[in-house]
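Asks: The lines below spell out each chain.
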Amino acid sequence: MLNTIAYGLTIGGILYIISIGLSLTFGTMRIVNFAHGLIYTIGAYLLITTLPIFRENFIIGALFTVLAVIPISYVIERFVIRKLYGVSIDYAIIATYAVVLIGVDLIKWIWGASPIPLSDPIGIDVTIFSVTLPMYRLIIIMLSIAIFIALTIFFKKTMVGKIVVAALEDKDAVRGLGINVDKYFAYVFIIGSCLAALGGVLYAPITSVHPYMGMMVLLISFAVVLVGGLGNLKGTFVSAFVLGLVMAITGRFWGPAAETMVFIVMGIILIFKPIEV
Amino acid sequence: MIEKIRKNFLDLVIITAAFFAVLPVFGLNRTTDFIIFCIFVLGFNLLYGYMGRLSFGHMLYLGVGAYTVTLFAEHVSKNPFLAIIASICAGALIGVIIGPIIVRTTGACFALINLAFNQVGYFLALVALSRWTGGEDGMSAYFTKLGLFDFGKKPVIFGFCLFSLLLTYLILKKLISSPYGILIKSIKENEIRVKFLGYNTFKYKWVTFIISTTISAFAGALSILNYGYVTPSFIDPSRAVEVIFATLIGGAGSLYGALIGGVAYMAISNYLASYISRWEMFLGFAMLIIVFRFRKGIWGYIKDKFTRQAEGIVR
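As you go down the protein sequences, you meet chains P and C in turn.
Here the first sequence stands for residues 1 to 277, where the numbers follow this note's numbering.
Here the second sequence stands for residues 1001 to 1315, where the numbers follow this note's numbering.
Calculated directly from the structure, the hints in this document are not laboratory data.
The structure displayed is predicted, hence computed values, not measured ones.
Check the hints yourself; a few may be wrong.
In silico DSBU-like links for lysine-lysine, alpha-carbon gap of 30 angstroms or less [stated by the list, open to error]:
{"#": "1", "chain 1": "P", "residue 1": "Lys171", "chain 2": "C", "residue 2": "Lys1188"}
{"#": "2", "chain 1": "P", "residue 1": "Lys83", "chain 2": "C", "residue 2": "Lys1303"}
{"#": "3", "chain 1": "C", "residue 1": "Lys1007", "chain 2": "C", "residue 2": "Lys1303"}
{"#": "4", "chain 1": "C", "residue 1": "Lys1004", "chain 2": "C", "residue 2": "Lys1154"}
{"#": "5", "chain 1": "P", "residue 1": "Lys183", "chain 2": "P", "residue 2": "Lys171"}
{"#": "6", "chain 1": "P", "residue 1": "Lys83", "chain 2": "C", "residue 2": "Lys1004"}
{"#": "7", "chain 1": "C", "residue 1": "Lys1296", "chain 2": "P", "residue 2": "Lys273"}
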């Protein structure tokens, strides 16, 4: 059982890293960004391609991937997302979904449609409280907590962070102060995309890498965002770990139901706490 | 009154003539397919085009109809009409049950909650209830012959589907031009103002949702009548984009737009795939162009052009 909880915390950590970007774009721009899942997939594929170049050095490969995603996400922001400000939210969903269709097809073109497995980059097990865990998973949990702390400091202490937090509350008031809100939204979008790519990099060794891997993770991240509250940074952190545990515990008893259980939990929570967008 | 009947009759004749005109091009099987898909698009369009609620999981309601008609034929009665009525009831029932949860939300939440329910339904059909639904392999449906209605024969299915399409069209047209239709269009524009006028918008949204799920389930039942086989692909949430794209391409918020979109999408997906291997990418670019340039779709474009011409004549 302890092992299951540890596994749930690992999934929760990755879910947090992925969904924080989604939560921020959702909260600031009111745009449902399906392309987020695409960035996640691209992250995993870039890692696979660059690992042989960097002599299987996982850390350098991961760093390179996260940096390489910046221009891709900039292009998506500049040519699709920015044109969707203030437009009906349905068009935003459809347009970002169109980006996913294009991107997934490009991935299939470049890398092929068959799944690619990837092995655990560390391969050492550690024993804590008589539970044996792969070191890699422990690092993921610690990394996600580190990212949470770093983001909290970023939003509390830095100027960019403060502007974004203020814009989450009231976009027009911030704009009224003479601040170019769209520029800061672009920063937020790129930070979120980098984190999505990082999530893809971290998740790749646990599952297999295939072109449609982003879709399911994206749906679960949406569940995390909706349960945690739109643009609510702390709520996203808590709900990511809770839903990660839900997935792990359900998966222990009935494997195929793990992902469905997340949606059931989301549905129940939305019945009692409907969200107005 | 007579004028109105004549106008409706004209519409029906035009639709029938159009489908008979494309019949030699696409063949009987494909045209039947197109007609069924058009019914599905009409159901989706009521929710998205008229009430402005984008559902990203409408395959669930199609799938409910498809599975109900198959299971009914398997376990209860092989009478095709009873099976279709059962699936229509099932479609209405699912709308009644999950409607109150879904219609309270708007925008992105509406889309995603539909998607979440669709995911649950897909899981039920594929894994949890695979003992009854046949899991990934699916199951076949057999129907008995009832006098003239031998659904083993393709022309009979074609005729019945066309009749169903005309019936759906008439019902929807009646609904949309009624005060109820005007009200749901107002909900799309500004729900708060409709509430201020004293209407209980929740009730209207719920009813619209139920009508939409019912029509979708009906389309699902008809497609089983046509294929004779149900698989989880009828309830697969990743196919939800098909109906959204069809609605957009034709022009959301008009009945003719839905029909044109349904036929256009089916033609694209049937023929483009054999000419362009990267057709998903093509679809993506087409969707982007529609969202950024042609929000009104084909029918909206045609209508704009004609009204502008007509205005020119008046001037």
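Asks: Now tell me, hint by hint, if it's right for this structure.
Replies: Tested hints:
A distance of roughly 24 angstroms separates the Cα atoms of Lys171/P and Lys1188/C; the hinted pair therefore holds under the 30 angstroms criterion. The straight-line distance between the Cα atoms of Lys83/P and Lys1303/C is roughly 26 angstroms, inside the 30 angstroms bound, and the hint therefore holds. Under the criterion of a C-alpha separation no larger than 30 angstroms, the hint pairing Lys1007/C with Lys1303/C is consistent with the structure, at around 17 angstroms. Note on Lys1004/C and Lys1154/C: the hinted pairing is violated, with a Cα-Cα distance of about 34 angstroms set against a maximum of 30 angstroms.
Of the pairs offered as hints, the one joining Lys183/P and Lys171/P holds, with about 13 angstroms between alpha carbons and a cut-off of 30 angstroms not exceeded. The straight-line distance between the Cα atoms of Lys83/P and Lys1004/C is roughly 43 angstroms, outside the 30 angstroms bound, and the hint therefore fails. With a C-alpha separation of about 35 angstroms, the suggested pairing of Lys1296/C with Lys273/P is violated against the 30 angstroms cut-off.
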